[in-house]
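Listed in order, the protein sequences are those of chains D and L. First residue of the first sequence: 1, per the numbering used here; consecutive thereafter. First residue of the second sequence: 1, per the numbering used here; consecutive thereafter.
Just so you know, these hints were derived from the structure itself, not from any lab. We put the beta carbon where it would ideally sit given N, CA and C, even for glycine. Please note that the accuracy of each hint is not assured.
As the list claims (entries may be wrong) - Computed list of chain D residues with no C-beta within reach of chain L, every gap over 12 Å:
id, residue
1, M124
2, T153
3, I165
4, R261
5, N265
6, R309
What the hints assert, rightly or not - Listed next, the stretches of chain L that the computed footprint assigns to chain D, with coverage defined by at least 3 CB atoms under 8 Å from CB atoms of chain D:
id, stretch
7, 90 to 103
8, 120 to 134
9, 143 to 153
10, 219 to 227
11, 313 to 319
Take a look at the letters that make up each chain.
2 protein chains.
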Amino acid sequence: MDNRPWLRAVEEEMEALLVSHDPGLRPFYGMMRYHLGWLDRHLEPVQSDGGKRIRPWLCLLTCVAAGGNPERALPAAAAIELLHNFSLIHDDIEDNSRLRRHRETVWAIWGIPQAINVGDGMLMLSRLALHRLRDRGVAADRVLQVARILDDTCLRLCQGQYLDISFEERIDITIEEYLFMIGGKSASLIAASAEIGAALGTDDAAMVAAYRDFGWELGMAFQMVDDILGIWGDPAVTGKSAASDILSRKKTLPILYTLARGDDNSRALQNLYAAPSLDEADVAHVLALLERAGALADVRARAEVHTGRALAALARTGMEGPAQEQLREIARSFLTRAK
Amino acid sequence: MDNRPWLRAVEEEMEALLVSHDPGLRPFYGMMRYHLGWLDRHLEPVQSDGGKRIRPWLCLLTCVAAGGNPERALPAAAAIELLHNFSLIHDDIEDNSRLRRHRETVWAIWGIPQAINVGDGMLMLSRLALHRLRDRGVAADRVLQVARILDDTCLRLCQGQYLDISFEERIDITIEEYLFMIGGKSASLIAASAEIGAALGTDDAAMVAAYRDFGWELGMAFQMVDDILGIWGDPAVTGKSAASDILSRKKTLPILYTLARGDDNSRALQNLYAAPSLDEADVAHVLALLERAGALADVRARAEVHTGRALAALARTGMEGPAQEQLREIARSFLTRAK
Chain D
1 MDNRPWLRAV
11 EEEMEALLVS
21 HDPGLRPFYG
31 MMRYHLGWLD
41 RHLEPVQSDG
51 GKRIRPWLCL
61 LTCVAAGGNP
71 ERALPAAAAI
81 ELLHNFSLIH
91 DDIEDNSRLR
101 RHRETVWAIW
111 GIPQAINVGD
121 GMLMLSRLAL
131 HRLRDRGVAA
141 DRVLQVARIL
151 DDTCLRLCQG
161 QYLDISFEER
171 IDITIEEYLF
181 MIGGKSASLI
191 AASAEIGAAL
201 GTDDAAMVAA
211 YRDFGWELGM
221 AFQMVDDILG
231 IWGDPAVTGK
241 SAASDILSRK
251 KTLPILYTLA
261 RGDDNSRALQ
271 NLYAAPSLDE
281 ADVAHVLALL
291 ERAGALADVR
301 ARAEVHTGRA
311 LAALARTGME
321 GPAQEQLREI
331 ARSFLTRAK
Chain L
1 MDNRPWLRAV
11 EEEMEALLVS
21 HDPGLRPFYG
31 MMRYHLGWLD
41 RHLEPVQSDG
51 GKRIRPWLCL
61 LTCVAAGGNP
71 ERALPAAAAI
81 ELLHNFSLIH
91 DDIEDNSRLR
101 RHRETVWAIW
111 GIPQAINVGD
121 GMLMLSRLAL
131 HRLRDRGVAA
141 DRVLQVARIL
151 DDTCLRLCQG
161 QYLDISFEER
171 IDITIEEYLF
181 MIGGKSASLI
191 AASAEIGAAL
201 GTDDAAMVAA
211 YRDFGWELGM
221 AFQMVDDILG
231 IWGDPAVTGK
241 SAASDILSRK
251 KTLPILYTLA
261 RGDDNSRALQ
271 NLYAAPSLDE
281 ADVAHVLALL
291 ERAGALADVR
301 ARAEVHTGRA
311 LAALARTGME
321 GPAQEQLREI
331 ARSFLTRAK
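Work out the full structure, taking the sequences as your base and the hints as a guide.
Here it is as structure tokens:
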């Protein structure tokens, strides 16, 4: 299954929702279209990087793998991508991030009040996308099931984000707490993408649960690789500065793993992270501490465990075919991705 | 129908949703409970003013007036109130308001990042409330209809908020634009409250539409009276400073009416509003200009027109009974309310 025509169809599905018949509201939708990579900051058409669209693609592919017709899942795929982008618009404000995908963020251009409201609007369009499932012949109870999965997921996103923000002021975060947080912030929406795709492809509840497990484990592995790239990623490929997560003193898994060892490395790292800011020499020092603790190997091993579980969940579905093979391939490629 | 036991039932319905089994998430729900008036800023139980709960009460009353059982509408009433409060939490950030109902706003205590996220969480709980309609025996298609009304309404809230924020930088706002803005920001949720109550009370689509019209006109009148109270309200009753909307140079309807007359009054007002800030003498001057233009009488007359239309819409439903009489009473009392 070629992803290009399908991702184009997802863009069209989203685009149909981002339309205003009132000229006075065009800038409101224009800010959303800017964020999605369709317009530039002067609200003129542009082809910009709007993200990888991993989640809608997983949704469509899972629908096919479970035996369904991806046409029927298109509104759900659009809803998932709009939900994801709502959370990015708000996260950028909450994390004080001025840049995303090499462009200024919505709040950096239009201010915090408009950006909060633009995010809220995009969340509502995500909800309105779901109603289009009914037009494609999905039964009302199934639409409600999908809506409920997305509602639960979005609440988990907010719970994860609450923890992430409150972690900024703490140094004593346990690995368990961290895993719970990334479960909410990252894995839950990837799990929902697979679960929703499956629920629109089959009536077999056990199979839907297995695809959900697949998505969850995939999401955990995805975030752990993200943590690795935030420290050891190639700046030329990631588009971020080298060791960007250390520079911003983010307490990601490699850091927490090293802190939790309770040895000289941990104490040295704790002292460095207690300073108000880090310079280049500090960053080199942190990298050396992580190296000595074996943090990269530990986090990579964890990501491999989750990928293994994802593949096992896929096997439990009992399905075979090209789409299923593509899902397996995605799970493997997530481990080796460079950006 | 006595509103006290019913509003208590709405609080219970909301409360059941604001529960976390994870102790680490208690502060997340605590911030929501603070906003709703159930906890103080130390997250200890308190009985505080959490608002008038006008919208859920309208929903339940309309359900009864249309011939339905209000028990079944409770989850929808809770969803409406949670949606309203989501919008207040975000509005307070967007309007830079540090106080609401004599208490500090969520962002003023916990900061903007947490407050954005707490609002997002409350919006999601509003969605999750709707799913409880199914447990009360409401058919799936009816639940979807209610969800769609709320989704459309919330998008209109965001559209109205977009206009409201962008109006801050403009002096040339037409009365037509202003009415469109308050339609989105104020009338649409009151219209939805009545429409949803009716939709859960009857299958008669024409009757549901008439109750919606009632709510819409009521909402327009409500906002116009709000505009009057923001300028001429009694500070001892409203809890705001005298002429608070003039002090903050809000361009509400009495101001726009006076500006639109194109006479000496308009030009004087325009000059005053062009200044970077207003002192007491300026406020007195603005009040005198509004008086000379007859702004109070004009806005009151407009509110009366909308109230008349609300009563006419009620009559179109063809329903009679105590609940219907209470709805009529609410429409009349909105015109004379002092806060």
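| Does the stretch 143 to 153 of chain L contain three or more residues whose Cβ lies closer than 8 Å to a Cβ of chain D? | This one holds; 6 residues, not fewer than the three required, reach chain D with a Cβ under 8 Å.
| said: Closer than 8 Å Cβ to Cβ for three or more residues is the test here. Does the stretch 90 to 103 of chain L pass it with chain D? | reply: holds (count 4)
| Beyond 12 Å from chain L, beta-carbon-wise, is I165(D)? | violated, 5 Å
| Would the least Cβ to Cβ distance between R309(D) and chain L come out above 12 Å? | holds, 23 Å
| field | Given as non-interface: N265(D), which should sit over 12 Å from chain L by C-beta | value | holds, 27 Å
| Given as non-interface: R261(D), partner chain L, CB spacing beyond 12 Å | With a cut-off of 12 Å, R261(D) remains clear of chain L, as the shortest Cβ separation is near 23 Å.
| task | Establish whether the coverage given for the stretch 120 to 134 of chain L by chain D is satisfied; the threshold is a Cβ-Cβ distance below 8 Å, and no fewer than three residues must meet it. | result | holds (count 9)
| Is it correct that the beta-carbon of T153(D) has no partner in chain L closer than or equal to 12 Å? | violated, 9 Å
| field | 12 Å Cβ clearance of M124(D) from chain L | value | Non-interface label on M124(D) violated, nearest chain L Cβ at 4 Å vs cutoff 12 Å.
| Okay, the stretch 313 to 319 of chain L and chain D, do three or more residues pass the C-beta test at under 8 Å? | Since three or more residues must qualify, the claim that chain D covers the stretch 313 to 319 of chain L is violated, with 0 doing so at under 8 Å.
| request: Mind taking a look at whether chain D covers the stretch 219 to 227 of chain L? Criterion is 3 or more residues with CB to CB distance under 8 Å. | output: It is violated: at least three residues are needed, and the stretch 219 to 227 of chain L offers just 0 whose Cβ sits closer than 8 Å to chain D.
Of the numbered hints listed earlier, those contradicted by the structure are 1, 2, 3, 10 and 11.
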